[in-house]
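Participant: Residue strings, one per chain:
There are 2 protein chains.
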Amino acid sequence: MSATTSLQPPALPASVMVLQAGCPSRTVLDHVTSKWGVLILVALARGPQRWSELRRRAEGISEKMLAQTLKTLEGDGFVHRDAQPVIPPRVDYSLTALGQELVQRLLPLVTWIGEHADGIVQTPSTRPSRPDKDPGAA
Amino acid sequence: MSATTSLQPPALPASVMVLQAGCPSRTVLDHVTSKWGVLILVALARGPQRWSELRRRAEGISEKMLAQTLKTLEGDGFVHRDAQPVIPPRVDYSLTALGQELVQRLLPLVTWIGEHADGIVQTPSTRPSRPDKDPGAA
DNA sequence: CGGAATCCTATTTGATACTG
DNA sequence: CAGTATCAAATAGGATTCCG
Chain D
1 MSATTSLQPP
11 ALPASVMVLQ
21 AGCPSRTVLD
31 HVTSKWGVLI
41 LVALARGPQR
51 WSELRRRAEG
61 ISEKMLAQTL
71 KTLEGDGFVH
81 RDAQPVIPPR
91 VDYSLTALGQ
101 ELVQRLLPLV
111 TWIGEHADGI
121 VQTPSTRPSR
131 PDKDPGAA
Chain H
1001 MSATTSLQPP
1011 ALPASVMVLQ
1021 AGCPSRTVLD
1031 HVTSKWGVLI
1041 LVALARGPQR
1051 WSELRRRAEG
1061 ISEKMLAQTL
1071 KTLEGDGFVH
1081 RDAQPVIPPR
1091 VDYSLTALGQ
1101 ELVQRLLPLV
1111 TWIGEHADGI
1121 VQTPSTRPSR
1131 PDKDPGAA
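Quick mapping for you: the protein sequence lines, in order, are chains D and H. The numbering used here puts the first residue of the first sequence at 1, with every later residue one more than the last. The numbering used here puts the first residue of the second sequence at 1001, with every later residue one more than the last.
Don't take every hint at face value.
[Said to hold, decoys possible] Quick list of in silico lysine-lysine cross-link-like pairs, DSS-like style, CA-CA up to 25 Å:
#1 H/Lys1071 with D/Lys64
#2 D/Lys71 with D/Lys35
#3 H/Lys1071 with D/Lys71
#4 H/Lys1035 with H/Lys1071
#5 D/Lys71 with H/Lys1064
#6 H/Lys1064 with H/Lys1035
#7 D/Lys35 with D/Lys64
#8 D/Lys35 with H/Lys1035
#9 D/Lys64 with H/Lys1035
[As the list claims (entries may be wrong)] Footprint (simulated), chain D over chain H, 3 or more residues, beta carbon under 8 Å:
#10 1037-1051
#11 1083-1096
[Unchecked claim] From the structure, some residues in chain D lie toward chain H, with a derived Cβ separation under 10 Å:
#12 Ser34
#13 Val38
#14 Trp51
#15 Leu66
#16 Ile87
#17 Val91
#18 Val110
#19 Trp112
These are computed hints drawn from the structure, not numbers from a lab. Idealized CB from N, CA, C, for every residue including glycine.
The whole structure should be built from the sequences, with the hints applied where relevant.
Facilitator: Have a look at this one:
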């Protein structure tokens, strides 16, 4: 209450206040940034689509991961699942309003990465080491 | 080559064109959205700081993961490492210009999640299942 | 077509101990 | 203080098979 911490770099809104260990935001962030979360969400940004469409869009995903990620995102309220009782089954997935808000914040990031990734991964050299895998794991 | 796919939902800029399987953007996205990537980057948004500071900020991270994530991000050119040859050692980490651009796109996302996470994780009910863990793994 | 269940492996992650 | 090395455990992820 008395002595304030020495100096605080200005900037930063209040966003960094969250993300503490047990915080719900950590959980949600984890869901969104899970290996396939971003891919699915971005794919769904193109509009409602079916399971098979989604699978093609999220290149490389397995059925298991698609199902799992979809359920998690649905559970978080980002994705809506519309199963029509017809034969053969038809299920459409789409973003909820919440999901659209999220994706709105996701696209700039993804777009930016898409535009800079080539220059990044190429990394001419000059850099000491770039461990893509854990050197400590046998 | 001949028959075009039926209908294409307009919208979406050109951002979704990336993120294909082997694409560099997938790699970078993976680095950034790795379990600790976002946390570290957001922590660094507060300004240059030392190893121990970073460790406190990214609550729950192990030394190994901190080192590993930091190296990856450094390798991608997002983070700058400034090691001063003094005793005891002093190392400052900071965002590069590239890293700042990235974080600029990251903060709105993180902020938004922080503001909505409570309502999300709480999920009153009405929802079928929310697998945080793989039910198939014994 | 859209999934759920199962089995198995690879990668990730964490604890700990040790070092410059 | 700022890491690195090693080991073991947890989880993610994938292939396959079966069901509505």
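Participant: Hints first: check each against the structure and report whether it holds.
Facilitator: Okay, the hints, checked on the actual structure:
1. H/Lys1071 with D/Lys64: violated (31 Å)
2. D/Lys71 with D/Lys35: holds (14 Å)
3. H/Lys1071 with D/Lys71: violated (33 Å)
4. H/Lys1035 with H/Lys1071: holds (14 Å)
5. D/Lys71 with H/Lys1064: violated (31 Å)
6. H/Lys1064 with H/Lys1035: Answer holds: H/Lys1064 to H/Lys1035 is near 13 Å, not above 25 Å.
7. D/Lys35 with D/Lys64: holds (13 Å)
8. D/Lys35 with H/Lys1035: Within the cut-off at roughly 9 Å; holds.
9. D/Lys64 with H/Lys1035: This hinted pair holds, its Cα atoms lying about 20 Å apart.
10. 1037-1051: holds (count 8)
11. 1083-1096: The restraint on the segment 1083-1096 of chain H is violated, since only 0 of its residues have a Cβ under 8 Å from chain D and three are required.
12. Ser34: OK, holds: D/Ser34 within 10 Å of chain H, min 8 Å.
13. Val38: holds (6 Å)
14. Trp51: violated (17 Å)
15. Leu66: violated (13 Å)
16. Ile87: violated (21 Å)
17. Val91: Hint violated; D/Val91 Cβ to chain H Cβ min 14 Å, cut 10 Å.
18. Val110: Holds - the Cβ of D/Val110 comes within 10 Å of chain H, reaching about 6 Å at its closest.
19. Trp112: holds (5 Å)
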